[in-house]
Amino acid sequence: MKLRQRSSADTRVPAQGDRSAADRDRWTAEVLRTDDALDLVADEWDDLYRRCSTATAFQAAPWLRSWWRGYGRPGGLVVVLVRRDGRLVAAAALRRRGPFGGLTNLGAGLVDFTDVLLDDECADRAAAELAAALPLRRPWHSLELREVRPEAAVQRVFAHWRGRRHRFADSMCQYLPAVPMDELLKRLPGKTAQRSRVKLRRIAEAGIRVHSATADEVPDTVRELLRLHRLQWQDRGVTPEHRSERFAHHLAESTAGLVATRRAAIQRFELDGEVLAVDLVLLCAPFGGLYMYGAHPALRERLDIAGLLFGAALDEVRAAGIPQLSLLRGQEPYKQRWRPDQLPNQRLVFGPGRLAPSAAVRALRVRARTAAVQVLRTRLPKLKEALVRARLR
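Residues in the sequence shown are numbered from 28 upward in steps of one, following my numbering.
Be aware that one or more of the hints could be misleading.
Think about it this way: if two alpha-carbon atoms lie no more than 27 Å apart in a straight line, the pair counts; the simulated DSSO-like pairs of lysine-lysine are [to be verified]:
#1 Lys-226 / Lys-362
#2 Lys-226 / Lys-213
#3 Lys-218 / Lys-362
#4 Lys-213 / Lys-362
Simulated restraints, written as ranges between beta carbons of each label pair [unchecked claim]:
#5 Ala-186 / Pro-162: 36 to 44 Å
#6 Asp-262 / Ser-80: 26 to 34 Å
#7 Thr-241 / Tyr-361: 26 to 34 Å
#8 Gly-217 / Ala-186: 40 to 48 Å
Don't read these hints as lab results, they were simulated from the structure. In this text, a Cβ means the ideal position worked out from N, Cα and C, and glycines have one as well.
Please model the complete structure; the sequences and the hints are all you need to start from.
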């Protein structure tokens, strides 16, 4: 295993007042670059996850390990760890992009939120230590993180970074308060709310049975989800990656780990013994999120699918004591119906030193790419799909 360990006396940490030698000696940092690094620290990682109130399901060890096994390129994993008195208090899972020291987050286009983990009890100091431990030393090095929430832990790391840094808007995400459905309907105009109440009554009268799968039931339930997802999009063009075997394996493996630890729920909707819909709800301290669903087209003709799935997801989120339901990325019409609050994710770019040409170049590339994506989205949707497939490879 290749690793680098050092005390905080050797790191570039912003001044935070006087520190005793004993205090400095308690903090150590290391960078792991072996392909099994996430497996080696999985228990420590998830222990830290539980102490990080901003963490989402995409930062949990089951998700990260599964994604790396399915999508990672050998030799490309970079795991940065910070310990205090031997206990893990900060961690970042990154991957190399290109041959010149560029780093980015794990997950590519499959994650809605990127972050690092920081122990809530010492989050600011841990963020400073993690910033100092990032392996960005050469002028051409850079780190670009996509889909960062404004409240993410990595925002603290960004604040402590002493080199070049840039912030850009990224995907728009939407949120609803986790309140009873009757209260949620108050957000809608009168006639729309009344029509929604009628649709919800039909759902209640239909006799649909909702079953939350256990971890052992996850593989079969994920297969049902993907089958129904392909079926519902057959006339509109399903996301190509969602048809792949590696995505199916990743979704089943990661979801089983998340369900086993109550960080996700995957629900089957059955009518007359037939599975007509399946949804996957991610659960974390800041919010619950409806990540993916599949529904038989015949169900759409009979019932309000959005109302059915949103109602069930809302029940899961409220039962877990979570304050918000996230609609994740995208502004599809079925989401807009609920008048959600909108909050854009951010893209953060780090670069070393004052000159930091790589960070400046990366910033220019980000601006150009953002403009290009807008053109693709509005004028060349098929080319955009092809580029997304290439990005996931």
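Structure-based check of all given hints:
1. Lys-226 / Lys-362: This hinted pair holds, its Cα atoms lying about 16 Å apart.
2. Lys-226 / Lys-213: Measuring from Cα to Cα gives roughly 15 Å; hence the hint holds.
3. Lys-218 / Lys-362: holds, 18 Å
4. Lys-213 / Lys-362: holds, 16 Å
5. Ala-186 / Pro-162: 36 to 44 Å: Once the Cβ atoms are compared, 19 Å apart, the range 36 to 44 Å for Pro-162 and Ala-186 is violated.
6. Asp-262 / Ser-80: 26 to 34 Å: Given range 26 to 34 Å: violated, Cβ gap about 43 Å.
7. Thr-241 / Tyr-361: 26 to 34 Å: The hinted range 26 to 34 Å holds for Thr-241 and Tyr-361, with Cβ atoms some 29 Å apart.
8. Gly-217 / Ala-186: 40 to 48 Å: holds, 45 Å
Going down the numbered hints, you'll see the structure goes against 5 and 6, while the others check out.
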